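There are 2 protein chains.
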Amino acid sequence: MSRVYNFSAGPAAIPDPVLGRIKDDIPDWNGTGMSVMEASHRSKAFVAVAEKAEQDLRQLLLIPGEYSVLFPQGGATMQFSMVPLNISAEGDTVDFVQTGSWSKKAIAEARRYCAVNVVADSADQNFTYVPDQDSWLHSEDAAYLHYCANETIAGVEFPFVPESGETPLVCDMSSTMLSRPVDVCRFGVIYAGAQKNIGPAGIAVVIVRKDLIGNAREMTPALLDYATYDAAGSMSNTPPCFAWYVASLVFEYLLAEGGLEVIGKRNQQKAGKLYAAIDASDFYSNRVRVDYRSWMNVPFVLADASLDPTFLSQAEEEGLVNLKGHRSVGGMRASIYNAMPEAGIDALIAFMQEFERTHG
Amino acid sequence: MSRVYNFSAGPAAIPDPVLGRIKDDIPDWNGTGMSVMEASHRSKAFVAVAEKAEQDLRQLLLIPGEYSVLFPQGGATMQFSMVPLNISAEGDTVDFVQTGSWSKKAIAEARRYCAVNVVADSADQNFTYVPDQDSWLHSEDAAYLHYCANETIAGVEFPFVPESGETPLVCDMSSTMLSRPVDVCRFGVIYAGAQKNIGPAGIAVVIVRKDLIGNAREMTPALLDYATYDAAGSMSNTPPCFAWYVASLVFEYLLAEGGLEVIGKRNQQKAGKLYAAIDASDFYSNRVRVDYRSWMNVPFVLADASLDPTFLSQAEEEGLVNLKGHRSVGGMRASIYNAMPEAGIDALIAFMQEFERTHG
Numbered sequence: 001m002s003r004v005y006n007f008s009a010g011p012a013a014i015p016d017p018v019l020g021r022i023k024d025d026i027p028d029w030n031g032t033g034m035s036v037m038e039a040s041h042r043s044k045a046f047v048a049v050a051e052k053a054e055q056d057l058r059q060l061l062l063i064p065g066e067y068s069v070l071f072p073q074g075g076a077t078m079q080f081s082m083v084p085l086n087i088s089a090e091g092d093t094v095d096f097v098q099t100g101s102w103s104k105k106a107i108a109e110a111r112r113y114c115a116v117n118v119v120a121d122s123a124d125q126n127f128t129y130v131p132d133q134d135s136w137l138h139s140e141d142a143a144y145l146h147y148c149a150n151e152t153i154a155g156v157e158f159p160f161v162p163e164s165g166e167t168p169l170v171c172d173m174s175s176t177m178l179s180r181p182v183d184v185c186r187f188g189v190i191y192a193g194a195q196k197n198i199g200p201a202g203i204a205v206v207i208v209r210k211d212l213i214g215n216a217r218e219m220t221p222a223l224l225d226y227a228t229y230d231a232a233g234s235m236s237n238t239p240p241c242f243a244w245y246v247a248s249l250v251f252e253y254l255l256a257e258g259g260l261e262v263i264g265k266r267n268q269q270k271a272g273k274l275y276a277a278i279d280a281s282d283f284y285s286n287r288v289r290v291d292y293r294s295w296m297n298v299p300f301v302l303a304d305a306s307l308d309p310t311f312l313s314q315a316e317e318e319g320l321v322n323l324k325g326h327r328s329v330g331g332m333r334a335s336i337y338n339a340m341p342e343a344g345i346d347a348l349i350a351f352m353q354e355f356e357r358t359h360g
Numbered sequence: 001m002s003r004v005y006n007f008s009a010g011p012a013a014i015p016d017p018v019l020g021r022i023k024d025d026i027p028d029w030n031g032t033g034m035s036v037m038e039a040s041h042r043s044k045a046f047v048a049v050a051e052k053a054e055q056d057l058r059q060l061l062l063i064p065g066e067y068s069v070l071f072p073q074g075g076a077t078m079q080f081s082m083v084p085l086n087i088s089a090e091g092d093t094v095d096f097v098q099t100g101s102w103s104k105k106a107i108a109e110a111r112r113y114c115a116v117n118v119v120a121d122s123a124d125q126n127f128t129y130v131p132d133q134d135s136w137l138h139s140e141d142a143a144y145l146h147y148c149a150n151e152t153i154a155g156v157e158f159p160f161v162p163e164s165g166e167t168p169l170v171c172d173m174s175s176t177m178l179s180r181p182v183d184v185c186r187f188g189v190i191y192a193g194a195q196k197n198i199g200p201a202g203i204a205v206v207i208v209r210k211d212l213i214g215n216a217r218e219m220t221p222a223l224l225d226y227a228t229y230d231a232a233g234s235m236s237n238t239p240p241c242f243a244w245y246v247a248s249l250v251f252e253y254l255l256a257e258g259g260l261e262v263i264g265k266r267n268q269q270k271a272g273k274l275y276a277a278i279d280a281s282d283f284y285s286n287r288v289r290v291d292y293r294s295w296m297n298v299p300f301v302l303a304d305a306s307l308d309p310t311f312l313s314q315a316e317e318e319g320l321v322n323l324k325g326h327r328s329v330g331g332m333r334a335s336i337y338n339a340m341p342e343a344g345i346d347a348l349i350a351f352m353q354e355f356e357r358t359h360g
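As they're listed, the protein sequences go chains A and B. Each residue of the first sequence is one higher than the one before, counting from 1 in my numbering. Each residue of the second sequence is one higher than the one before, counting from 1 in my numbering.
Simulated from the structure, these hints should not be mistaken for laboratory data. One or more hints might be untrue.
When chains are identical, the list treats them as one kind, so a pair holds in a single copy or across two.
[Unchecked claim] In silico lysine-lysine, BS3-like type, Cα no more than 30 Å apart, as pairs:
{"#": "1", "residue 1": "K44", "residue 2": "K105"}
{"#": "2", "residue 1": "K105", "residue 2": "K23"}
{"#": "3", "residue 1": "K265", "residue 2": "K52"}
{"#": "4", "residue 1": "K210", "residue 2": "K23"}
{"#": "5", "residue 1": "K44", "residue 2": "K104"}
On a predicted model such as this, the values are computed, not experimentally measured, just so you know.
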């Protein structure tokens, strides 16, 4: 099959030019006579990759010097444990906003280490909005305030960065990091699994304010302590070199495309087109309140759900794949991360309109 | 540069046919229209990879049904924490054999969770042998007995599997797993980081007797609990799909080569040739006692250490790379895992003999 438009929620599409580089680099990477998978993480060639990855990420996100950039394994889920182990002490209370499945999972893990205060919860309307911050019930003395910037399942996104005062703000940015500019200074910790906009699964990016490093609880496993990564350039043990290298190529690609202002505009444009097509039809609908609609994950349902299997199989024949919604909500979901070109959105909309004409 | 002979201790060489498959599979893997990096871990295509990886590994190592096979992230170093958290309770004593740097690191992490009794220690002779088991001072009631089958830095290897009676035997097999047959039934837990004989860094293999799963300490982070992986086929969260896929290709390759009996004979032959060449010369020497010499990592020193830089640079010109010994011991080290062909050994020996003729 020729390349498809891959609407997977993650692991997700990787930009074609990056895939081309990866292919070219096997089995001889930059004249080393080996692939990057075979290079020692201590080799000059690989250390240069790691350093460039950090530099480029700092440039993309304008990360200030008082923040460290760490590349641990275990994805965002490992951060669900690492954040409370590193940023809170026994007996602490932590504040969480609950806006969907991912914040729920983060809360469940944090509860094992802290008292969790849910400051706001949108479960009352099936996680289709973000409660106004005016209504949030903050703790007196929370160790941190945690939220998930974008919930991939319901497709609901924070259109604002919460105010947290002196309380460190912690954000699971797995599905939005690098999709647009962000003001890093507002945060204590930003973390993201790679497999949406960064690279292949198997590596995470953690951006953490340096003063929050070095306070891990006594029994924290060595590889769950931010200080371990900070002290060793994320190479205290053998890192996931290949995933790190691909992330580095992605960062380079994003810079070459013009950086996150450009990327953000593209993403807004792509999402806007798709939501407009959905809203213009009675055949399709999206349940998320307009202000909180995700730029990254666009769920939609057909008025007649019995047509779902036909929709999915015909879409697949057209090279539009992985459109099935998450099993917990059904319907469809188009995940349209950075690597999805506008042509993919156009092809999806054209298919949806044709499907509606035939089956509407 | 054309392909080199890569003697890296890890990440290490990957078999050429496996690299060829990886290259061919970009950007269209098995007619899916995407690379494996972009496929959902829940997709049929990827689930088939994961299942085949386990089946092939079970066939290679003859893993009995009462053992689970897990694929966590974090390499062997994460297992240094996971083993005590899963296989011991607070207040327990655990037994360790100390035969080099890797067992020392495992001991340091275990001490944070248990009382560690070092049953035997070869530090007295610079870790150049394994103490006879007759001399070991076992605890009365250890939760487990841990050893490292092969120490990559000094190049010292256990030529036997220790007797542990009813005590679960735990082995760090990072640098020997899949290099020869092993009797899995002797063990409670076998673990290995991938980046020697299994695949790229970023995934580990843990083979654990099922009765040892489900007893993790209360505060164990979710992704450090063997039960999390066992319950979800190692997919409770997004796994390191690409590394898993490469491991699967390596397993398939090893089966096609004839399995571990064949591979083991080849490795013994390769190591035997290289040690014979070293022993036949006064110009080179290996300090490890003959019975404990590693088949995987062959350190050697030049009689005149001032020639080391010349040796290394001339070797590199001949396409023999990564021969520098670990900084803690100096000299040279040839790591000759499965992917190193006998032709690479022959080329190294020919170079060594020529170098001796010129500089001896």
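These are the hints, each one checked on the structure:
no.	hint	result
1	K44 <-> K105	between (39 Å within a copy, 25 Å between copies)
2	K105 <-> K23	neither (36 Å within a copy, 37 Å between copies)
3	K265 <-> K52	within (25 Å within a copy, 42 Å between copies)
4	K210 <-> K23	neither (37 Å within a copy, 40 Å between copies)
5	K44 <-> K104	between (42 Å within a copy, 27 Å between copies)
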